[in-house]
Amino acid sequence: AQSVTQLGSHVSVSEGALVLLRCNYSSSVPPYLFWYVQYPNQGLQLLLKYTTGATLVKGINGFEAEFKKSETSFHLTKPSAHMSDAAEYFCATISGGYNKLIFGAGTRLAVHP
Amino acid sequence: GAGVSQTPSNKVTEKGKYVELRCDPISGHTALYWYRQSLGQGPEFLIYFQGTGAADDSGLPNDRFFAVRPEGSVSTLKIQRTERGDSAVYLCASSRSGTGQETQYFGPGTRLLVL
Numbered sequence: 004a005q006s007v008t009q010l011g012s013h014v015s016v017s018e019g020a021l022v023l024l025r026c027n028y029s030s031s032v033p034p035y036l037f038w039y040v041q042y043p044n045q046g047l048q049l050l051l052k053y054t055t056g057a058t059l060v061k062g063i064n065g066f067e068a069e070f071k072k073s074e075t076s077f078h079l080t081k082p083s084a085h086m087s088d089a090a091e092y093f094c095a096t097i098s099g100g101y102n103k104l105i106f107g108a109g110t111r112l113a114v115h116p
Numbered sequence: 158g159a160g161v162s163q164t165p166s167n168k169v170t171e172k173g174k175y176v177e178l179r180c181d182p183i184s185g186h187t188a189l190y191w192y193r194q195s196l197g198q199g200p201e202f203l204i205y206f207q208g209t210g211a212a213d214d215s216g217l218p219n220d221r222f223f224a225v226r227p228e229g230s231v232s233t234l235k236i237q238r239t240e241r242g243d244s245a246v247y248l249c250a251s252s253r254s255g256t257g258q259e260t261q262y263f264g265p266g267t268r269l270l271v272l
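As given, the protein sequences belong to chains A and B, one line each in that order.
Here the working numbering runs 3 ahead of the position in the first sequence, where the first position is 1.
Here the working numbering runs 157 ahead of the position in the second sequence, where the first position is 1.
I should point out that these hints are in silico values taken from the structure, not numbers from a laboratory.
The hints are all genuine.
Computed spacing ranges between beta-carbons, pair by pair: (1) A/19 to B/227: 48 to 56 Å; (2) A/64 to B/187: 28 to 36 Å; (3) B/272 to A/55: 41 to 49 Å; (4) B/223 to A/49: 22 to 30 Å; (5) B/187 to A/83: 34 to 42 Å; (6) A/21 to B/237: 43 to 51 Å; (7) B/207 to A/8: 26 to 34 Å; (8) B/272 to A/69: 44 to 52 Å; (9) A/83 to B/228: 43 to 51 Å; (10) A/80 to B/258: 19 to 27 Å; (11) B/196 to A/19: 26 to 34 Å; (12) A/71 to B/197: 21 to 29 Å; (13) B/167 to A/73: 39 to 47 Å; (14) B/212 to A/63: 24 to 32 Å.
Glycine is no exception: its CB is placed at the ideal position from the N, C-alpha and C atoms.
The task is simple: from the sequences and hints, build the whole structure.
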């Protein structure tokens, strides 16, 4: 069964520093992979997704992620953190042939001045 | 509407009571999903509708949980004989046609607290 694992429940960075949020997947078939962001008291918003094609995927707000099959990873990065990036980030995949999203446990990103 | 809406935004009830949570998907979206997010965890799938029918209800935890979508738009998640363990944020999402690579658009959720 498909699954994702997010390493690190909390990540703290300084404003302007590199953001790296880790996600590893487990899948017997080529996966569809997603990163969602959740701001306090708001719904989940899609940052980016990988389906097929280019392995480097660019998303909103300057985020990008690279699909690495050899490492079964889909880490999320942003070159320079802003205070407004503070939120919870979820990696997700689609389970089998169905449409249900399988989420990781989430990583809470804190950005300090 | 412009996005997925959910009502109420917050619901406090007593153990043993019945609750209904409503979801209005994006207009024209045939696929609708319910997820449950417990504190400190990622959302967990509950049920998926394609049109009026429940195509996958494998995530419903037990028979106290039931969901309907009678006209293929608005959906209601119903919980009978609520338990304290049902306390969570219930999220609804919709997508255009339900293919796996489509973006699912989420509502803000209903925060349910069972006392």
